[in-house]
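Undergrad: Respectively, the protein sequence lines represent chains A and B. Start counting the first sequence at 77; every next residue gets the next number (the numbering used here). Start counting the second sequence at 1259; every next residue gets the next number (the numbering used here).
Think of the hints as simulated: they come from the structure by calculation, not from any bench. Note that the coordinates shown come from a computational prediction; the quantities given were computed from them, not determined experimentally. Ideal Cβ positions, reconstructed from N, Cα and C, are used throughout, including at glycine. Please note that a few of the clues may not be correct.
Said to hold, decoys possible - With the C-beta cut set under 10 Å, the calculated list includes, among others, these residues of chain A facing chain B: (1) 121; (2) 218; (3) 221; (4) 306; (5) 371; (6) 372; (7) 397; (8) 398.
To be verified - Where chain A lies over chain B, by a calculated footprint (3+ residues, C-beta under 8 Å): (9) 1292–1300; (10) 1318–1331.
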Amino acid sequence: MSEESAADLARTPLYDEHRALGATLVGFAGYAMPVRYEPGIMAEHTRTRSAAGLFDVSHMGQLRLDGAGAVAALERLVPGDIAGLAPAAMRYTQFTNDDGGILDDLIATRTEDGLVLVVNAACKDADIAHLGEKLEGDVVLTVLAERALIALQGPKAAAVLDRIAPGCARLPFMTTGFFAIEGADALVSRSGYTGEDGFEVSLPDEAAPALWRRLAADPDVEPAGLGARDSLRLEAGLCLYGHDIDETTSPVEAGLAWSIGKRRRREGGFPGAERIQSELAEGPQRRRVGIRPDGRAPAREGTTVLNTKGEEIGTITSGGFGPTAGGPVAMGYVAAEAAEVGRPVSLLVRGRPRPATIVKLPFVPHTYHRP
Amino acid sequence: MSGLKYSKDHEWVRTEGDVATVGISDYAQEQLGDVVYVELPEVGRTVAQSEEAAVVESVKAASEVYAPVSGEVVEVNQALEDEPALVNGEPTGAGWFLKLRMSAPGELDGLMDEAAYADYVAGLGED
Chain A
77 MSEESAADLA
87 RTPLYDEHRA
97 LGATLVGFAG
107 YAMPVRYEPG
117 IMAEHTRTRS
127 AAGLFDVSHM
137 GQLRLDGAGA
147 VAALERLVPG
157 DIAGLAPAAM
167 RYTQFTNDDG
177 GILDDLIATR
187 TEDGLVLVVN
197 AACKDADIAH
207 LGEKLEGDVV
217 LTVLAERALI
227 ALQGPKAAAV
237 LDRIAPGCAR
247 LPFMTTGFFA
257 IEGADALVSR
267 SGYTGEDGFE
277 VSLPDEAAPA
287 LWRRLAADPD
297 VEPAGLGARD
307 SLRLEAGLCL
317 YGHDIDETTS
327 PVEAGLAWSI
337 GKRRRREGGF
347 PGAERIQSEL
357 AEGPQRRRVG
367 IRPDGRAPAR
377 EGTTVLNTKG
387 EEIGTITSGG
397 FGPTAGGPVA
407 MGYVAAEAAE
417 VGRPVSLLVR
427 GRPRPATIVK
437 LPFVPHTYHR
447 P
Chain B
1259 MSGLKYSKDH
1269 EWVRTEGDVA
1279 TVGISDYAQE
1289 QLGDVVYVEL
1299 PEVGRTVAQS
1309 EEAAVVESVK
1319 AASEVYAPVS
1329 GEVVEVNQAL
1339 EDEPALVNGE
1349 PTGAGWFLKL
1359 RMSAPGELDG
1369 LMDEAAYADY
1379 VAGLGED
């Protein structure tokens, strides 16, 4: 095991399943997580796109906000339109800081009594502290520490999960429902992090191994590790916190303005509103773009982006090989005036400039279920 | 008797006269996972022992391949350009990286034979 010492790592309730499947485990955000199983990242990636990939994402933070003021309290911390969420609907948003940078990105779901938040594993302690400090009035924060999160992603996901949770295949993208799974109350959402149709199932730790084994036994399902999760989300043009977005990048620069509702743009009332509203009006200084190397050499995070005159215009924040795209793919920030799709750039890989092109994201079209 | 010799950085060498064919070990390709790109040196370049001679990239990351012995690059495996997965499929065969004309063949004595390398890898531990 690498990166973090094995003894200090937390385990998800599916740790034994990963071991039994021959996973390569690595330290990630303080957890021992599977980076790949025996088939390898390429096979796990392509099987997710062609059938269904099964992911343990129990390391992510699951939080609940209860109380009549929960919606208003969350709106004071994020630019997303939370008040406009219909019951059982979910929305992608970000915790912003006073400078308009991003503290974390998250999914908020409106439940009957309040809100459920799913936050990044690496940020969850900071998020909990942030909420604890900023929440006011009658709002109660509960950390759902004993709930697992299992993602099933890909074109076969709906058919497979509907046999276990009948009716879930009718959920539209970004909505949720409660289902009885393995004798437990499970919150099933039509969402994910691969660009594919799919689900995330939140359920009590003790019910998770049985669901995992049932799904893994399905011939259409391939357990997939963090390696495939990363290449899938990169092809889908989705941001990874700490890489593509962080405390210095604003949601507008990151191309996430779509996640800021009309009312919030007008009214503000979230941290960093001044910068974000001004960037919405005037345009940001830099923009996150897709970048496709012309050759076969991947360009990794940290690679310098040059214009055709050889001047530095930006940096790659995520880059690697896209198994479905069939070649190297990347994204990063470039100066706004250079961010035009189709523009040739060069990437400084191992000291040598290599031709690349600014392209539209995603690299692989999303196939979300929007009936 | 394959006659392969190994470096601690997981490169192998097979010699014919003063020419050494170089690749990465089965253990190394297994650790890397699916190889998606290989960058090879220019023919004619001189490399010193332990100097970076090539780059191998998996889906996840880029890794350096070091010259296990010093010499001049006399040939590179062009087939890896179109089929980098040969490194996974046949790491000690068709997945070779480059050939060096050795300038200090005595360096071979400092490399491990198959049995010593197997012990070395076992000592690294899987977890």
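Undergrad: Going through the earlier hints one by one, which of them does the structure break, listed in rising order?
TA: Those not satisfied are hints 2, 3.
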